[in-house]
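The residues making up each chain are set out below.
Number of protein chains: 4
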Amino acid sequence: MIGIGVIGYGYWGPNLVRNFAELDECRVAAVCDRDAERRKRVAKRYPAVRTFAEASELIADPDVHAVAIATPVASHYELALAALQAGKHVLVEKPLASSAAQCARLVEEAQTRGLVLMVDHTFLYTGAVEKIGELVRSGELGDVLYYDSVRVNLGLFQPDVDVIWDLAVHDLSIMDAVLPAKPRAVQAAGIRHLEGQQVNMAYLTIKYDEALIAHLHMNWLAPVKIRRTLIGGSTKMIVYDDLEPSEKIRVYDRGVSMLDRNSEDGRSVYKMLAYRRTGDMWAPKLRATEALDLEARHFLDCVAGRAKPLTDGASGLRIVRLLEAASESLERDGAWVELPAE
Amino acid sequence: MIGIGVIGYGYWGPNLVRNFAELDECRVAAVCDRDAERRKRVAKRYPAVRTFAEASELIADPDVHAVAIATPVASHYELALAALQAGKHVLVEKPLASSAAQCARLVEEAQTRGLVLMVDHTFLYTGAVEKIGELVRSGELGDVLYYDSVRVNLGLFQPDVDVIWDLAVHDLSIMDAVLPAKPRAVQAAGIRHLEGQQVNMAYLTIKYDEALIAHLHMNWLAPVKIRRTLIGGSTKMIVYDDLEPSEKIRVYDRGVSMLDRNSEDGRSVYKMLAYRRTGDMWAPKLRATEALDLEARHFLDCVAGRAKPLTDGASGLRIVRLLEAASESLERDGAWVELPAE
Amino acid sequence: MIGIGVIGYGYWGPNLVRNFAELDECRVAAVCDRDAERRKRVAKRYPAVRTFAEASELIADPDVHAVAIATPVASHYELALAALQAGKHVLVEKPLASSAAQCARLVEEAQTRGLVLMVDHTFLYTGAVEKIGELVRSGELGDVLYYDSVRVNLGLFQPDVDVIWDLAVHDLSIMDAVLPAKPRAVQAAGIRHLEGQQVNMAYLTIKYDEALIAHLHMNWLAPVKIRRTLIGGSTKMIVYDDLEPSEKIRVYDRGVSMLDRNSEDGRSVYKMLAYRRTGDMWAPKLRATEALDLEARHFLDCVAGRAKPLTDGASGLRIVRLLEAASESLERDGAWVELPAE
Amino acid sequence: MIGIGVIGYGYWGPNLVRNFAELDECRVAAVCDRDAERRKRVAKRYPAVRTFAEASELIADPDVHAVAIATPVASHYELALAALQAGKHVLVEKPLASSAAQCARLVEEAQTRGLVLMVDHTFLYTGAVEKIGELVRSGELGDVLYYDSVRVNLGLFQPDVDVIWDLAVHDLSIMDAVLPAKPRAVQAAGIRHLEGQQVNMAYLTIKYDEALIAHLHMNWLAPVKIRRTLIGGSTKMIVYDDLEPSEKIRVYDRGVSMLDRNSEDGRSVYKMLAYRRTGDMWAPKLRATEALDLEARHFLDCVAGRAKPLTDGASGLRIVRLLEAASESLERDGAWVELPAE
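Protein chains in written order, with numbering that gives the first Met the number 0: chain A, 0 to 341; chain B, 0 to 341; chain C, 0 to 341; chain D, 0 to 341.
Worth flagging that the hints you see were computed from the coordinates, not collected in a lab.
Among the hints, erroneous ones may be present.
The list makes no distinction among identical chains, and a pair is therefore deemed to hold if it is satisfied within one copy or across any two copies.
In the EDC-like style, the derived pairs of lysine to aspartate or glutamate whose C-alpha atoms are separated by at most 20 Å in a straight line are [unchecked claim]:
#1 Lys-224 with Asp-279
#2 Lys-284 with Glu-194
#3 Lys-235 with Asp-279
#4 Lys-39 with Asp-240
#5 Lys-284 with Asp-241
#6 Lys-43 with Glu-24
#7 Lys-235 with Glu-139
#8 Lys-39 with Glu-107
#9 Lys-224 with Asp-241
#10 Lys-39 with Glu-24
These numbers were taken from a predicted model, which means no experiment stands behind them.
All chains, full assembly: derive it from the sequences and hints.
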């Protein structure tokens with residue numbers, strides 16, 4: 000049975016532990032956190048799980064075959080590298096690391112050693128994103144025209160990352176998986192409302208190598224929580240509202256039509272294009288499984304050699320490249336930053 | 000009694016005619032449209048109203064003391080100028096004209112002749128925008144941190160103006176009236192999804208001379224209609240949803256608080272800032288009068304010398320300056336375009 | 000050209016006048032209202048329309064071929080009868096009259112004289128109710144299991160009718176048109192919160208001659224406006240929300256399934272039935288024409304002998320029979336009141 | 000430290016175990032379920048917790064000082080009585096038992112033995128219901144005029160209880176706690192859409208000893224989930240929507256006003272009463288703690304002698320009396336069933 004070690008028992012770690020603990024194919028062997036209070040909580044909830052204050056001890060534990068890392072971003076690289084070098088498979092919370100260079104190094108290390116390196120891009124394991132991917136790939140949307148996402152709420156000011164690295168990563172991973180084109184350049188605008196703090200509100204615009212535009216709005220200072228994505232296609236369009244309890248995905252049936260408008264006297268003849276609703280709205284049934292449960296099982300399958308990670312190190316690297324480009328654009332006051340052709 | 004002449008009986012003209020026709024202080028003397036079918040409709044609805052095919056005839060009509068112009072943007076300047084030069088007061092549908100230079104010329108002409116020049120920035124006459132203005136000016140929001148607006152729907156592709164000139168003008172006029180700072184620079188990104196057509200989807204970012212950012216999303220190709228503006232303040236925040244039937248304005252009571260988080264071992268001491276909800280949400284009662292009714296009455300008051308236009312030519316000029324800057328930024332691939340200090 | 004006379008220019012009358020005035024097949028010849036202020040408003044809006052203070056004069060006007068009645072319920076019978084006896088076709092606002100006996104008399108009079116008698120059950124001319132009817136009749140819902148409607152808001156206390164006669168009439172006319180079974184008995188509960196006033200809040204339960212139950216909630220004292228109807232079928236279910244701007248009808252695809260749950264030790268074996276969502280939700284496109292426009296055209300078609308009224312006097316009679324039964328149940332403290340087999 | 004034993008590990012039991020397991024003031028000593036699969040799940044999640052197949056063994060366990068019962072209703076009485084007789088404090092899932100007689104017997108037994116008997120009316124521990132209670136008791140609503148609740152969804156057909164015993168119990172417990180009057184009589188209408196099954200859809204009307212009416216709609220066959228309660232007061236009104244993520248309680252400021260409407264000719268003079276919105280809507284901040292967490296702590300406080308149960312056996316008895324009356328009304332085809340004066 001695969002032994003799992005979880006590093007970090009703050010916000011996300013408990014979810015990882017809970018999900019792995021429910022699975023028969025593995026057991027949670029150890030949890031590590033520097034905070035004694037948190038270790039006490041682990042001990043109360045899971046008396047059989049070993050706890051450590053130091054990550055190095057957990058990584059060294061022979062009962063730990065795979066390590067899940069849920070610590071602040073700055074520590075991802077060092078911890079993941081140590082785990083890989085100790086021969087352990089690794090699942091890292093998003094984003095994979097603090098720079099594309101770090102990501103590339105981790106991908107290489109995992110490949111060399113034949114170990115699984117997976118990033119916790121959780122949204123890719125939801126029924127909603129799965130369905131969006133199907134709709135795009137099947138051609139049902141027609142040409143994808145745009146991806147517009149609003150991801151705002153009243154949130155914590157993260158001390159170590161700005162709002163782009165905190166929130167955009169979700170959309171970037173979804174876009175990486177479902178959009179049919181490759182990003183070409185990134186432009187960012189942002190503001191820090193509190194001196195000495197991170198940029199807390201930002202807008203990203205992304206150009207693609209096709210007639211497709213993507214735009215993201217991220218905000219830690221919004222009065223309400225909004226998670227709404229519009230995906231426009233030439234024949235159908237999607238509204239994805241992640242806060243809807245039951246109908247997260249709505250597909251709108253639209254068709255373009257050409258209208259000729261001729262005024263009688265011939266002086267103001269012109270053509271007008273209108274997109275109109277030729278059909279109906281449709282909310283497809285979505286798979287209901289919890290995303291993290293599915294992801295945990297998938298990770299175990301990968302570790303067991305039965306699957307390749309859907310969210311592998313390479314995808315983690317692609318997303319971090321976009322984040323780096325966004326940061327650079329922010330620094331250069333909104334200049335377009337080109338992305339390297341892969 | 001003031002005689003009103005309305006030029007253009009397409010989409011907006013019928014609303015102007017209907018509203019002026021209901022008021023006791025004026026009478027609709029004439030309506031002009033080149034389309035015979037539309038003139039026939041006027042004649043059936045308002046048998047006492049004179050109809051013309053040519054604007055020059057309406058302007059020359061001695062029973063017409065004030066002219067309302069509801070024609071395509073390209074014709075605003077010429078028609079308004081002719082009306083002013085004929086000594087008529089003028090109300091022009093937004094935007095005031097096709098360029099800042101034209102706007103300035105109209106403002107000058109009206110001033111020289113002592114005539115009223117008013118722009119139909121209808122939103123400023125709504126109870127919702129009135130309330131937003133009060134909340135900002137009273138200091139209830141604290142410092143205004145941002146203005147973020149989404150104004151999208153499945154709309155006609157206008158043949159003569161792009162989506163910015165069509166839709167942004169609403170937000171720009173609201174911002175002009177309620178924001179406490181002056182715009183300094185504009186950045187635009189947009190895309191035309193249909194060759195040979197206008198830009199149909201665009202994003203505007205506006206920098207101000209204070210720590211305030213504004214951002215607008217306009218889209219003629221959205222599957223759903225959204226009219227939602229978030230206005231963030233340092234002590235309170237507003238969500239303005241113009242599609243809500245009864246509670247268009249929601250005020251969220253938030254306060255910023257400083258949290259000290261010290262992990263026990265002293266190694267990961269850091270401070271975190273969080274905005275949290277200290278209080279409640281509140282939807283103030285709004286004035287219910289139809290905006291256009293109030294605006295029509297206000298125009299008559301101005302014509303009668305009892306008031307100064309809330310939406311005067313100067314405001315029309317300021318908005319068109321922003322639109323011009325946005326167009327320039329679009330052409331220059333998203334470069335920041337500075338605005339002249341007034 | 001058919002000359003229309005409208006009696007009553009209070010709340011609903013202006014809508015009738017406006018709609019008939021737009022049609023080419025008729026002209027509004029006369030409007031009657033006892034209130035001079037209202038007559039003045041008619042004169043200002045429609046200078047060519049004759050105005051009367053007395054209904055008898057309008058009915059006697061030879062230019063009036065058909066009369067639309069939009070007065071308080073108590074006067075419907077007398078006015079409609081007078082108009083029919085003067086040889087005029089009649090359209091009466093809902094409910095048709097104050098009692099089933101009166102309704103029957105009007106139906107008879109119209110039949111004898113070969114005149115059109117139509118009731119203004121406006122909802123039957125909406126795209127939403129049209130679609131519900133199609134879904135029921137096509138068998139797509141399966142067996143209809145229930146009709147549950149909430150129709151509440153903060154409304155005027157009508158002086159002449161209670162909340163049931165004011166609001167239930169809408170649902171009763173919809174049910175009359177779309178439900179496949181006949182009502183058998185009615186039970187009502189209600190309360191008057193203000194002494195000396197009408198019952199302002201009520202619940203109606205209706206039994207049918209099949210395994211179908213209907214229930215209505217009407218309330219003049221609700222803090223919010225709700226217009227929501229659930230229609231349950233054995234294979235599909237409808238949510239009809241009349242306040243939704245675009246998706247008024249949502250069809251939910253459900254199927255019943257039998258689950259066997261056997262606990263291992265055999266002691267707690269039981270079967271459980273669950274309705275579950277096997278498929279998707281679907282919001283069909285609805286016809287967008289204004290109901291009253293369609294209804295006005297239909298009335299003219301009937302007058303011209305080209306159609307039979309969808310909402311004829313007989314349907315008006317059936318609805319008033321239900322209202323009478325509801326009133327009787329209210330008086331008898333909620334006893335079931337049987338309806339006569341037709 | 001108080002030792003908790005939980006009987007039943009089906010739908011609700013796991014929540015009880017999870018919440019008690021998190022508290023420092025107690026430990027979960029034992030869990031009992033006849034299903035081996037469920038016991039295995041307990042063992043995996045909580046290796047330190049003893050598991051039993053037979054409730055009698057758990058009750059006899061000396062480490063168990065208090066018993067929480069989360070089994071089908073029919074078994075509540077027998078299990079609770081056995082636990083009390085073994086000297087254990089008891090928390091029972093709602094409803095307390097299958098009959099008022101059983102409830103009375105349990106209340107007596109607990110009283111005699113000086114043990115805590117608490118019912119799991121969870122809603123009373125939510126921030127929303129707490130706030131409603133405050134608003135009513137403070138007089139802010141004025142006189143309470145009505146309580147109208149819709150509690151519908153697509154649910155399991157319970158084999159042992161009908162939809163009233165399953166769902167109404169929530170509202171009845173809320174009403175018991177917040178309404179200022181005593182219920183006097185109950186009327187029920189319901190239908191079983193599947194032969195041989197429980198009544199799956201029902202309406203309850205309740206008369207009070209003041210001018211107050213309550214009405215509940217319960218439905219296992221609704222296409223959508225609705226949890227919406229309207230509470231009308233003479234000065235303010237509440238909309239309580241339990242599915243709203245953040246603003247569950249909305250308070251509408253309304254005032255009644257008398258309008259005199261005199262038509263000019265004196266013939267139709269009448270008075271009209273209108274409730275209108277004089278003020279604003281307000282969504283007060285609610286306590287955010289999980290209800291079950293608060294309830295578990297409260298139970299421990301009661302066991303420790305530091306508090307009296309908010310939801311004691313007596314309240315459980317009052318609710319079951321109402322349920323019995325509802326069942327009797329159902330059997331008697333909707334006749335009013337009087338409640339005994341306490």
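Open item on the list: Cα distance capped at 20 Å. Does Lys-235 pair with Asp-279 within a copy, between copies, both, or neither?
Closed with: Intra 10 Å, inter 17 Å, cutoff 20 Å: intra and inter.
- [ ] Please work out whether the CA atoms of Lys-224 and Asp-241 approach to 20 Å or closer within one copy, between two copies, in both situations, or in neither?
- [x] Both: 10 Å inside a copy, 17 Å across copies.
Open item on the list: At most 20 Å between alpha carbons: which applies to Lys-43 and Glu-24, within, between, both or neither?
Closed with: between (23 Å within a copy, 12 Å between copies)
Open item on the list: I want to check one pair: Lys-235 and Glu-139. Are their C-alpha atoms no more than 20 Å apart within a copy, between two copies, both, or neither?
Closed with: The answer is within: 7 Å in one copy meets 20 Å, while 25 Å across copies does not.
Open item on the list: Cα distance capped at 20 Å. Does Lys-284 pair with Asp-241 within a copy, between copies, both, or neither?
Closed with: within (14 Å within a copy, 24 Å between copies)
TODO: At 20 Å max between alpha carbons, let me know whether Lys-39 reaches Glu-24 within a copy, between copies, both or neither.
DONE: For Lys-39 and Glu-24, only the inter-copy Cα distance (15 Å) is at most 20 Å; the intra-copy one is 26 Å.
Task: Same-copy or cross-copy closeness of Lys-284 to Glu-194 [CA-CA at most 20 Å] - done: neither (46 Å within a copy, 29 Å between copies)
- [ ] Give the relationship of Lys-224 and Asp-279 under a CA distance limit of 20 Å: within one copy only, between copies only, both, or neither.
- [x] between (28 Å within a copy, 15 Å between copies)
Task: Identical-chain pair category, Lys-39 with Asp-240, by Cα at 20 Å - done: Neither, since 38 Å and 38 Å both go past 20 Å.
- [ ] Since the copies are identical, ignore which copy is meant and state whether Lys-39 and Glu-107 lie within 20 Å (CA to CA) inside a copy, between copies, both or neither.
- [x] Neither: 37 Å inside a chain and 42 Å across chains, both beyond 20 Å.
The structure fails to meet hints 2, 4, 8 from the earlier list, while all remaining hints are met.
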